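Student: Chains as they are written, first to last, in our numbering: chain P, 524 to 914; chain L, 217 to 451.
Please note: incorrect hints may appear among the correct ones.
Said to hold, decoys possible - Computed beta-carbon distance windows for the label pairs:
| hint | chain 1 | residue 1 | chain 2 | residue 2 | range |
| --- | --- | --- | --- | --- | --- |
| 1 | L | 345 | P | 912 | 31 to 37 Å |
| 2 | L | 349 | P | 864 | 52 to 58 Å |
| 3 | P | 896 | L | 395 | 36 to 42 Å |
Derived from the structure by calculation, the hints contain no laboratory data.
As the structure is a computational prediction, the values presented were derived from the model and not from experiment.
No residue lacks a Cβ here, since even glycine has one placed at the ideal position from N, Cα and C.
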Amino acid sequence: MNFLQAFKMAIKSILSNKLRSLLTMLGIIIGVTAVIALVALGQGATKSVTEQVQSLGTNLLTVNITGRGTTSTMKANEAVALGETVNGIKYIAPVTTSNSNVKYGTTSKTVSVVGTNADYAMIKDYKVASGRFLAQIDLDVYQKIAVLGSTTATDLFGFADPLGEYVLIQGTRYKVVGVLEEKGSSAMGSNDEVVLIPETSAERLFKSKGVRTIYVQSETAEQTDSVVTGLEKQLSDHFRGNTDSYRVFNQSDALSALSSVSATLTLALAGIAGISLLVGGIGIMNIMLVSVTERTREIGIRKAIGAKKRDILTQFLIESMMLSGLGGVLGIGIGIGAAKGASTAFGMDIEFSANIILISFFFSVAIGVLFGMFPANKAAKLKPIDALRSE
Amino acid sequence: MASKPTTDELIRIKQLSKNYRMGGETLKALDDVTLTVRQGDFLAIIGPSGSGKSTLMNVIGCLDTPSSGEYWLDGEEISKLRDNKLAEIRNRKIGFIFQGFNLLSKLTAIENVELPLIYRGVPSKLRKQQAIEALRKVGLEDRIHHRPVELSGGQQQRVAIARALAGNPPILLADEPTGALDTKTGKEVMGFIKELNALGHTIVLITHDLAVSEQAKRVVRIKDGRLDEEEGRAG
Numbered sequence: 524m525n526f527l528q529a530f531k532m533a534i535k536s537i538l539s540n541k542l543r544s545l546l547t548m549l550g551i552i553i554g555v556t557a558v559i560a561l562v563a564l565g566q567g568a569t570k571s572v573t574e575q576v577q578s579l580g581t582n583l584l585t586v587n588i589t590g591r592g593t594t595s596t597m598k599a600n601e602a603v604a605l606g607e608t609v610n611g612i613k614y615i616a617p618v619t620t621s622n623s624n625v626k627y628g629t630t631s632k633t634v635s636v637v638g639t640n641a642d643y644a645m646i647k648d649y650k651v652a653s654g655r656f657l658a659q660i661d662l663d664v665y666q667k668i669a670v671l672g673s674t675t676a677t678d679l680f681g682f683a684d685p686l687g688e689y690v691l692i693q694g695t696r697y698k699v700v701g702v703l704e705e706k707g708s709s710a711m712g713s714n715d716e717v718v719l720i721p722e723t724s725a726e727r728l729f730k731s732k733g734v735r736t737i738y739v740q741s742e743t744a745e746q747t748d749s750v751v752t753g754l755e756k757q758l759s760d761h762f763r764g765n766t767d768s769y770r771v772f773n774q775s776d777a778l779s780a781l782s783s784v785s786a787t788l789t790l791a792l793a794g795i796a797g798i799s800l801l802v803g804g805i806g807i808m809n810i811m812l813v814s815v816t817e818r819t820r821e822i823g824i825r826k827a828i829g830a831k832k833r834d835i836l837t838q839f840l841i842e843s844m845m846l847s848g849l850g851g852v853l854g855i856g857i858g859i860g861a862a863k864g865a866s867t868a869f870g871m872d873i874e875f876s877a878n879i880i881l882i883s884f885f886f887s888v889a890i891g892v893l894f895g896m897f898p899a900n901k902a903a904k905l906k907p908i909d910a911l912r913s914e
Numbered sequence: 217m218a219s220k221p222t223t224d225e226l227i228r229i230k231q232l233s234k235n236y237r238m239g240g241e242t243l244k245a246l247d248d249v250t251l252t253v254r255q256g257d258f259l260a261i262i263g264p265s266g267s268g269k270s271t272l273m274n275v276i277g278c279l280d281t282p283s284s285g286e287y288w289l290d291g292e293e294i295s296k297l298r299d300n301k302l303a304e305i306r307n308r309k310i311g312f313i314f315q316g317f318n319l320l321s322k323l324t325a326i327e328n329v330e331l332p333l334i335y336r337g338v339p340s341k342l343r344k345q346q347a348i349e350a351l352r353k354v355g356l357e358d359r360i361h362h363r364p365v366e367l368s369g370g371q372q373q374r375v376a377i378a379r380a381l382a383g384n385p386p387i388l389l390a391d392e393p394t395g396a397l398d399t400k401t402g403k404e405v406m407g408f409i410k411e412l413n414a415l416g417h418t419i420v421l422i423t424h425d426l427a428v429s430e431q432a433k434r435v436v437r438i439k440d441g442r443l444d445e446e447e448g449r450a451g
């Protein structure tokens with residue numbers, strides 16, 4: 524007897540008892556559905572957070588300067604000079620930020636005012652929609668000019684053209700020279716509700732000395748580590764070995780923390796899946812045992828007309844395998860549907876992985892084989908005369 | 217002492233016994249039975265219930281193994297064979313016709329008839345041809361897609377006969393083939409079995425009904441596990 528024939532027999536047997544087959548499969552269906560839907564949601568969440576971190580750039584470093592006391596700080600030009608001394612730095616932008624009131628006419632708004640230099644546009648991936656961005660010369664001559672984020676521009680000016688107009692930042696007049704393109708939000712907050720001014724002007728405006736943050740972008744992601752080492756050495760020299768005065772943050776650190784969280788999540792899901800599939804498998808074994816008892820006479824007839832032990836074993840094994848496999852397929856379908864439903868209903872990100880789907884399917888088939896073995900063996904071992912005598 | 221039987225002897229049973237243990241006692245279901253069936257024979261084994269005829273039928277049908285003695289079937293000694301080998305012999309050498317038809321209720325007539333061929337490994341196309349041919353022999357070629365419940369008792373028994381014929385086995389073994397049928401259909405089925413014998417099929421029939429056994433060429437009586445041959449009517 525070949526496998527194709529055994530498959531046909533199994534399909535016939537499953538179809539002849541539809542309700543019971545469905546109930547038998549239910550355990551597997553629920554288990555696989557849970558796995559597929561939860562993993563899709565979990566991976567979707569992980570992916571969207573990862574993308575946000577990556578959108579900042581994997582070769583992006585952040586240097587925080589806490590300083591040593593109030594006097595020992597780092598000036599903006601010293602910070603920019605780091606870019607010359609450390610190899611592999613593509614862009615370096617010192618940043619002084621303060622939340623300030625920005626006013627135009629009678630409209631006022633509190634936004635984050637960022638004092639920085641020309642490299643900031645490259646690092647943050649800002650594009651200028653109209654006008655121009657900050658230039659080095661603006662810093663050198665303490666120009667009072669401002670570049671507006673797209674939201675700030677519409678909040679203050681509506682549909683009017685802000686270029687050439689003056690805004691008041693903490694009472695000081697700044698000329699608007701540029702408006703940025705819309706960029707959207709990130710984990711760090713809105714990128715469009717900003718006002719960018721030259722770093723030197725910002726220090727004067729906020730009456731602060733030295734920069735608190737420096738954004739650094741290395742030339743390639745591979746160079747990031749060497750840039751970190753170089754920066755740390757230079758900073759250590761600058762602060763005379765006081766390593767508490769500064770800190771260099773690496774985006775890849777954040778990413779690896781994220782991936783370890785998602786690995787733990789996946790493991791927990793696998794545990795839940797394993798338990799529910801085990802329960803489903805026991806359900807299949809239970810029904811297969813009942814089925815063997817019910818079909819004792821059929822087994823007797825088959826054996827009398829020449830079915831060998833192996834034929835009966837294969838028949839029942841394939842039947843339980845098909846039950847669990849079919850349950851797996853249904854579970855995958857329902858799981859995908861449930862995840863899509865949740866993503867539209869709650870606006871969650873979902874991500875399907877072919878690996879998880881394949882593993883769920885083969886795992887449920889394997890459950891069928893494992894838990895079908897005992898009932899199938901029981902059927903195969905029946906003696907034909909005893910089986911024929913049963914009613 | 218194991219002499220190989222001559223070629224036209226299909227079944228040769230020699231000093232065969234079958235014992236059952238029940239409680240501390242040994243029950244001799246078959247006691248030193250010797251029996252020969254030739255090619256083309258129509259043998260009836262008759263006996264009351266409890267006489268051991270079912271045990272004899274199980275042994276002849278390779279469903280059960282004897283406790284001692286020899287059983288040659290179509291030139292092969294099979295009393296010591298293992299389960300799987302016996303299954304193969306049942307499949308190739310014996311066509312069963314049971315009292316209760318023993319058709320699979322979920323399968324159609326043709327699927328029932330195909331079953332022994334499936335276990336023999338006959339390819340699908342040839343299998344269908346042979347099954348249809350067997351159903352045509354029993355006059356049911358227009359009922360091949362009916363399920364057993366859609367057929368009358370006589371038709372069901374004819375499907376069962378077609379299933380027995382499909383593999384073209386040397387022996388047809390009928391166990392009370394008319395037991396579950398009314399007198400009229402029973403007669404029809406017996407007439408049919410006689411026809412098959414006339415066509416050259418060897419038939420072993422087991423019954424407790426004298427009227428049925430009278431239609432056979434040879435009658436053997438069994439009582440308390442012992443055989444007692446009557447005179448052959450057709451030589």
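Student: Using the C-beta atoms of residue 349 of chain L and residue 864 of chain P, is the stated range 52 to 58 Å upheld?
Tutor: Between residue 349 of chain L and residue 864 of chain P, where Cβ atoms are some 56 Å apart, the hint holds.
Student: Do the beta carbons of residue 345 of chain L and residue 912 of chain P sit within 31 to 37 Å of each other?
Tutor: For residue 912 of chain P against residue 345 of chain L, whose Cβ atoms are near 34 Å apart, the range 31 to 37 Å holds.
Student: So does residue 896 of chain P sit 36 to 42 Å from residue 395 of chain L, Cβ to Cβ?
Tutor: holds (39 Å)
In this structure, none of the earlier numbered hints is contradicted; all agree with it.
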